[in-house]
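Asker: Residue numbers (UniProt numbering), protein chains in the order written: chain A, 1 to 251; chain B, 1 to 243.
Hints were generated in silico from the structure; no laboratory data involved.
Some clues are possibly wrong.
Partial selection, computed: residues in chain A whose CB lies under 7 Å from chain B [to be verified]:
1) A35
2) F84
3) F90
4) P231
As the structure is a prediction and not an experimental result, all values here were calculated from the model.
Backbone N, C-alpha and C fix where the C-beta goes; we use that ideal spot for every residue, glycine too.
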Amino acid sequence: MIEIKHISKSFNDRKILDNVSGVFKKGQTSLVIGASGTGKSVLLKCMLDLVRPEHGATLYDGRDFYIGEEEEKKTIRREMGVLFQGGALFDSQTVHQNVQFPLDMLTEMPESEKRDRVEFCLQRVGLEGTGNRMPSEISGGMKKRVGIARAIVMNPKYLFCDEPNSGLDPLTSIKIDELIKEITEEYSTTTVIITHDMNSVLSIGDYIMFLYKGKKVWEGNSQTILDTNVPELEEFVFSNKALMKMRGEKR
Amino acid sequence: MLSVVGRYLIFLGKLFTRRETFKVYWNRFLDECLNVGTSSIFIVAIVAVFIGAVTCVQTRANLVSPLVPVYIVSNIVRDMTLLELSSTFMCVVLAGKVGSNIAGELGTMKITEQIDALEVMGINSASYLVLPKLLASIFTFPLLAIISGFLGILGGYLAGTLTGIITPEDYIYGIRYSFIPFNVFIAIIKAFVFGFLISTISAFKGYYTSGGALEVGQASTSAVTNSCIAVLIADYLLAELLT
Ligand SMILES: Nc1ncnc2c1ncn2[C@@H]1O[C@H](COP(=O)(O)OP(=O)(O)O)[C@@H](O)[C@H]1O
Ligand SMILES: [Mg+2]
Numbered sequence: 001m002i003e004i005k006h007i008s009k010s011f012n013d014r015k016i017l018d019n020v021s022g023v024f025k026k027g028q029t030s031l032v033i034g035a036s037g038t039g040k041s042v043l044l045k046c047m048l049d050l051v052r053p054e055h056g057a058t059l060y061d062g063r064d065f066y067i068g069e070e071e072e073k074k075t076i077r078r079e080m081g082v083l084f085q086g087g088a089l090f091d092s093q094t095v096h097q098n099v100q101f102p103l104d105m106l107t108e109m110p111e112s113e114k115r116d117r118v119e120f121c122l123q124r125v126g127l128e129g130t131g132n133r134m135p136s137e138i139s140g141g142m143k144k145r146v147g148i149a150r151a152i153v154m155n156p157k158y159l160f161c162d163e164p165n166s167g168l169d170p171l172t173s174i175k176i177d178e179l180i181k182e183i184t185e186e187y188s189t190t191t192v193i194i195t196h197d198m199n200s201v202l203s204i205g206d207y208i209m210f211l212y213k214g215k216k217v218w219e220g221n222s223q224t225i226l227d228t229n230v231p232e233l234e235e236f237v238f239s240n241k242a243l244m245k246m247r248g249e250k251r
Numbered sequence: 001m002l003s004v005v006g007r008y009l010i011f012l013g014k015l016f017t018r019r020e021t022f023k024v025y026w027n028r029f030l031d032e033c034l035n036v037g038t039s040s041i042f043i044v045a046i047v048a049v050f051i052g053a054v055t056c057v058q059t060r061a062n063l064v065s066p067l068v069p070v071y072i073v074s075n076i077v078r079d080m081t082l083l084e085l086s087s088t089f090m091c092v093v094l095a096g097k098v099g100s101n102i103a104g105e106l107g108t109m110k111i112t113e114q115i116d117a118l119e120v121m122g123i124n125s126a127s128y129l130v131l132p133k134l135l136a137s138i139f140t141f142p143l144l145a146i147i148s149g150f151l152g153i154l155g156g157y158l159a160g161t162l163t164g165i166i167t168p169e170d171y172i173y174g175i176r177y178s179f180i181p182f183n184v185f186i187a188i189i190k191a192f193v194f195g196f197l198i199s200t201i202s203a204f205k206g207y208y209t210s211g212g213a214l215e216v217g218q219a220s221t222s223a224v225t226n227s228c229i230a231v232l233i234a235d236y237l238l239a240e241l242l243t
């Protein structure tokens, strides 16, 4: 479980996040949604302590990530897996080396065990046999898959994905969503996904937090989101005319 | 300006705190030696041979007095090569090659969140990425300077003897005449210092890139210009200090 409490962050006197709180539960896919530029990525970076907020706290199963001891922080970092927006694969390394990287840096595992673990993770994301390719030689969707494989190679308790299906075709998007959902349930991770894709919202939104101009203005799940009366959220959700029609018929 | 220097110094401090294991650095160091050093040999060799040759021909053309012995030509080639060409001039060339390479690589890693990916794993990205480049530079630049010095003098020899403006005997006599071994040491010291400046300034520029591909290009350009300026200022200071 991850709790964020009253997180506020400004850049150059511009308030990006304003008092955002929420709870992300274990074994669930939690979504943070909102239009572009509302501060979703900044919120994620605050949770990862890549950006330190002026106010607020992030608790990982009760452990405060900002003020904890250095050792505890290291432990929490080992329990995290992150899929960055573009995959963030290391250009100079092969797919296999990319996935193995956290094992090389953070564990004392013997080589053969590492190789097996990497093969297993690549297989899990449906990329067996591509280990020798370079990141520049694979498609965007495959990069995301490799990113997921790297994120889960250490068996994380906490999985973060920043726009896992941006820039992908609808079919690949759905597959990536399903993969993340399956992994979350299989390993009971606490998964936080940043997205503005309505397909994801409706299919994997166990918990949804809606950000608008840096504020949390709504929270709920994929069932309750279509019944919303919050005007900002309505505008976001029903920019899709088909959904608008669906709601009309339902009422 | 002052705040930039301050941030640069803080960046340098960051390189030496919270390091990874020796083994990690050793492998990265060897990779970077190839990347920084070996791949620069060709351009360094070309530049050294031609500059040595041009210095020889120019010096001979300007020394028309019959009172000056011919071996002075190779004597001048030798001192020019050791004192300036094999260190300063070579490093200005390397600032273009190595500096833009470092800044471009780190800038790209920054904007594609590869640096964030390292930080999330709890790795000190500045140290992990930059320290091996720094060590590789201060190790390989002096070696390149030695190669460059040798090839510069060889270039002068070839140009001088092949065009017949100086006999081989005079040339050899000239380069051995009143030779000061300390000058070789100066070339090495200078290459060491310039290697430090070029690698850290370029890394600093690349590491703090923000934005997109355009900014990576700008970071590379500014890495090269700033490195060159730093090299020239340091050259002057070292000249005051060492001679
Ligand atoms: N390091 C930074 N410095 C200054 N401004 C930033 C920085 N990071 C993000 N911002 C600003 O914060 C706002 C929110 O960005 P972001 O969280 O990336 O939006 P999104 O919700 O699309 O992920 C943007 O206006 C962006 O310009
Ligand atoms: Mg974003």
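Asker: Measuring from the C-beta of A:A35 to each C-beta in chain B, is the shortest one below 7 Å?
Answerer: violated, 20 Å
Asker: Please verify that hint: A:F84, Cβ, nearest Cβ of chain B, below 7 Å or not.
Answerer: holds, 4 Å
Asker: Quick one, is the A:P231 hint okay against chain B at 7 Å, beta carbons?
Answerer: Hint on A:P231: violated, closest Cβ of chain B at ~34 Å, above 7 Å.
Asker: Quick check on the hint: A:F90 CB to chain B CB, less than 7 Å?
Answerer: Given a least distance of 6 Å, the restraint on A:F90 holds.
Consistency with the previously given hints fails for numbers 1 and 4, ordered from lowest to highest.
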